[in-house]
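**Q** The residues making up each chain are set out below.
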Amino acid sequence: MKLKFLWIEDGAIADYQTMLGPVFVSGKYDPVIALNVADGIRQLRQSRFDAVIVDIRLPPGESSEWARLYDESRQNKATARLGLKVLYCLLGPGEEDIRIEGMPDWVKPDRFGVLTVENKSELQEDLDRLGIRVYRQKTARTPNNVLIDMIEEIKRQMQTE
Amino acid sequence: MPPQLTETWATAYLQILIGLFIFAIGIPAFAFQLVVQEDVRHVTHRRMKMRIWHASVVLLLLACVSFIWIIHPANLDQNSNVAPAMAPTEAPEMDKTYEILQAYAGSIIVTIPILAIMFGFKLLENLKRENVVQGLEHHLEKTFDQSGFIEDSTLSDIIYLGEHGKSGREKKMALDALGRLAKHVQNSGKYKGCELEELIRGLKMILDNGARPGEEDDFYAAAAILRDIWNRLSEHNLSSNHDADMARKTIKHLSIVAVVEKSEPTALTYLEDAAMCDSGIVFEIGLSALRTRRFLIATAALNKLEAMAERHGLFVDYESSSNLLGLLSHFMATGLSTRLRAESFFAQAETSLDSLKSALATAFIYHYSNGSYDTSDRVAELQTTIESGGLRAGPAVA
Numbered sequence: 001m002k003l004k005f006l007w008i009e010d011g012a013i014a015d016y017q018t019m020l021g022p023v024f025v026s027g028k029y030d031p032v033i034a035l036n037v038a039d040g041i042r043q044l045r046q047s048r049f050d051a052v053i054v055d056i057r058l059p060p061g062e063s064s065e066w067a068r069l070y071d072e073s074r075q076n077k078a079t080a081r082l083g084l085k086v087l088y089c090l091l092g093p094g095e096e097d098i099r100i101e102g103m104p105d106w107v108k109p110d111r112f113g114v115l116t117v118e119n120k121s122e123l124q125e126d127l128d129r130l131g132i133r134v135y136r137q138k139t140a141r142t143p144n145n146v147l148i149d150m151i152e153e154i155k156r157q158m159q160t161e
Numbered sequence: 162m163p164p165q166l167t168e169t170w171a172t173a174y175l176q177i178l179i180g181l182f183i184f185a186i187g188i189p190a191f192a193f194q195l196v197v198q199e200d201v202r203h204v205t206h207r208r209m210k211m212r213i214w215h216a217s218v219v220l221l222l223l224a225c226v227s228f229i230w231i232i233h234p235a236n237l238d239q240n241s242n243v244a245p246a247m248a249p250t251e252a253p254e255m256d257k258t259y260e261i262l263q264a265y266a267g268s269i270i271v272t273i274p275i276l277a278i279m280f281g282f283k284l285l286e287n288l289k290r291e292n293v294v295q296g297l298e299h300h301l302e303k304t305f306d307q308s309g310f311i312e313d314s315t316l317s318d319i320i321y322l323g324e325h326g327k328s329g330r331e332k333k334m335a336l337d338a339l340g341r342l343a344k345h346v347q348n349s350g351k352y353k354g355c356e357l358e359e360l361i362r363g364l365k366m367i368l369d370n371g372a373r374p375g376e377e378d379d380f381y382a383a384a385a386i387l388r389d390i391w392n393r394l395s396e397h398n399l400s401s402n403h404d405a406d407m408a409r410k411t412i413k414h415l416s417i418v419a420v421v422e423k424s425e426p427t428a429l430t431y432l433e434d435a436a437m438c439d440s441g442i443v444f445e446i447g448l449s450a451l452r453t454r455r456f457l458i459a460t461a462a463l464n465k466l467e468a469m470a471e472r473h474g475l476f477v478d479y480e481s482s483s484n485l486l487g488l489l490s491h492f493m494a495t496g497l498s499t500r501l502r503a504e505s506f507f508a509q510a511e512t513s514l515d516s517l518k519s520a521l522a523t524a525f526i527y528h529y530s531n532g533s534y535d536t537s538d539r540v541a542e543l544q545t546t547i548e549s550g551g552l553r554a555g556p557a558v559a
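Chains as they are written, first to last, in the numbering used here: chain A, 1 to 161; chain B, 162 to 559.
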């Protein structure tokens, strides 16, 4: 059975060849892509995933609440950091900007990973508070199998717990 | 008291009025021809023809009556057949009233063309493509709220503008309007699952127009609209309704166009949409990609089909299994690398050899009965390979 993972990343389609190519060729994973926050939350509600990879810079999608937060940051993905806000809403210790109702029980920090252009030092404090340990920085030199690496790390992490 | 017209006066009035109207209507009309694009003109003419005709006639009549009634100098110069405006200005007997009327006539002659030109420019502003599209969209939303159905003629106008608009910004205007309209309709309590047929068909017409096909961004925009429509249909449990069927057909059509003509990211976007709908479309995408040697797309489609088939329990669901085995059989026959990818599926498959053979027999019938002889032949070849032990690795569970 393939490992089903959700990748919430607005640039996922552009990274298809580089990052998802190895995923398809391996035949071991079933990727689902969400291009924005609203789509990501909808997918989390609809299906159970073995792993969830989240970008920090995300557009809001079809959601007035998330669009409001985005507008407050002058519609700038880098300053809005909606991905981080989503993680706080899903996993955070009572620091959510928006309350997300009806999240399933499997949504726990050990299933989540962060793949973003922000470097680790900028995010370390947040990742610690959220309990997320799987992190990779997206750079020009990021290996093509980064998604497979992250999913396998999340899988190992869950097996040890 | 009605004015007393002489032949000379009537001719003079007529000449002035005709001159005024040619100027007042001609300048904006010339600008209209020059500035407004042909497709916008076509829609505007179609929608505003009668209104403009009526307005012109009423305006002409009003102008005639006011000009003749107010300015006619019958009271001043009953015996003269010379127009006051043309009368010698040095005439010593010209009285105060005459001066006022002359000024009034002058002001009409100056202001009417100015007003007409201003009105013309205002009209041109309203005839900007974005304003026309927006106006049509608002009209459709309003009429849908009132009647519960989308007015076909107005919808056709938006689609026409999208079809004939330039790729990129102009097509996107129409696509965005259709996307917002679909959202408005589906979020309305009046939506029953069959109101968007023409709108969805319109997406195909806008993108797959031979003379002006959509570019990558247009295909992305349409994919997002179709995805949103599909998601809202699923939320309303209407995935087996009429609109769902039309969305499925449109995704299939545009997917194949995207695989053959567009970039990989665009084709893969449609693959994501197709995977939401049904395995048949994913199979078609995979096969088209394989035939056009776009192997990443083909592999992505195969991966999707594998996941879809596994979701129901491998080889349990007749349709998804048959589509998966159909594509796998093409992978087996295309080349060494594609064969390796196909064999990696069999090596990992958690199934018995017997159920694989049975599923292959079913897949043969499925593709044969659909008239896909090419695929059913490939499936038969795969059956032979498996029965002769020709796979490098058999199913994971023997």
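Don't read these hints as lab results, they were simulated from the structure. These numbers come from a predicted model, not from an experiment. Incorrect hints may have been included.
List of simulated lysine-lysine pairs, DSS-like, C-alpha gap at most 27 Å [to be verified]: (1) Lys2(A) to Lys77(A); (2) Lys518(B) to Lys2(A); (3) Lys77(A) to Lys344(B).
Beyond 10 Å from chain B on every Cβ pair, some chain A residues (computed) [claimed, not checked]: (4) Tyr88; (5) Trp106; (6) Glu125.
A partial selection of chain B residues facing chain A, derived with a Cβ cut-off under 8 Å [to be verified]: (7) Asn392; (8) Leu429; (9) Asn464; (10) Ser505; (11) Glu511; (12) Gly532; (13) Ser533.
Just so it is clear, CB atoms sit at the ideal spot from N, CA and C, and this is done for glycine as well.
**Q** A separate judgement is required for each hint: does it hold in the structure or not?
**A** So, going through the hints one by one against the coordinates:
For the suggested pair Lys2(A) and Lys77(A), the alpha carbons sit about 32 Å apart, so the restraint of at most 27 Å is broken. The straight-line distance between the Cα atoms of Lys518(B) and Lys2(A) is roughly 22 Å, inside the 27 Å bound, and the hint therefore holds. Of the pairs offered as hints, the one joining Lys77(A) and Lys344(B) holds, with about 24 Å between alpha carbons and a cut-off of 27 Å not exceeded. Every C-beta of chain B lies more than 10 Å from that of Tyr88(A), the closest at about 25 Å, which supports listing it as non-interface.
A cut-off of 10 Å between C-beta atoms confirms that Trp106(A) is not in contact with chain B; the least separation is 17 Å. Once the 10 Å rule is applied to beta carbons, Glu125(A) is consistent with being away from chain B; the minimum gap is 34 Å. Residue-level restraint check for Asn392(B) holds (minimum Cβ-Cβ distance to chain A is 7 Å; threshold 8 Å). The restraint placing Leu429(B) at the interface with chain A holds, with a minimum CB-CB distance near 5 Å, inside the 8 Å limit.
At its closest, the beta carbon of Asn464(B) sits 4 Å from a beta carbon of chain A; the interface hint therefore holds under the 8 Å criterion. Hint status for Ser505(B): holds, given a least beta-carbon distance of 5 Å to chain A, under 8 Å. Given the 8 Å rule on beta carbons, the hint for Glu511(B) holds: about 7 Å separates it from the nearest Cβ of chain A. Interface hint at Gly532(B): violated, since its Cβ lies 29 Å from the closest Cβ of chain A, which is beyond the 8 Å cut-off.
For Ser533(B), the interface hint is violated, since its Cβ never comes within 8 Å of a Cβ in chain A; the closest pair sits about 24 Å apart.
When each numbered hint is compared with the structure, violations occur for hints 1, 12 and 13.
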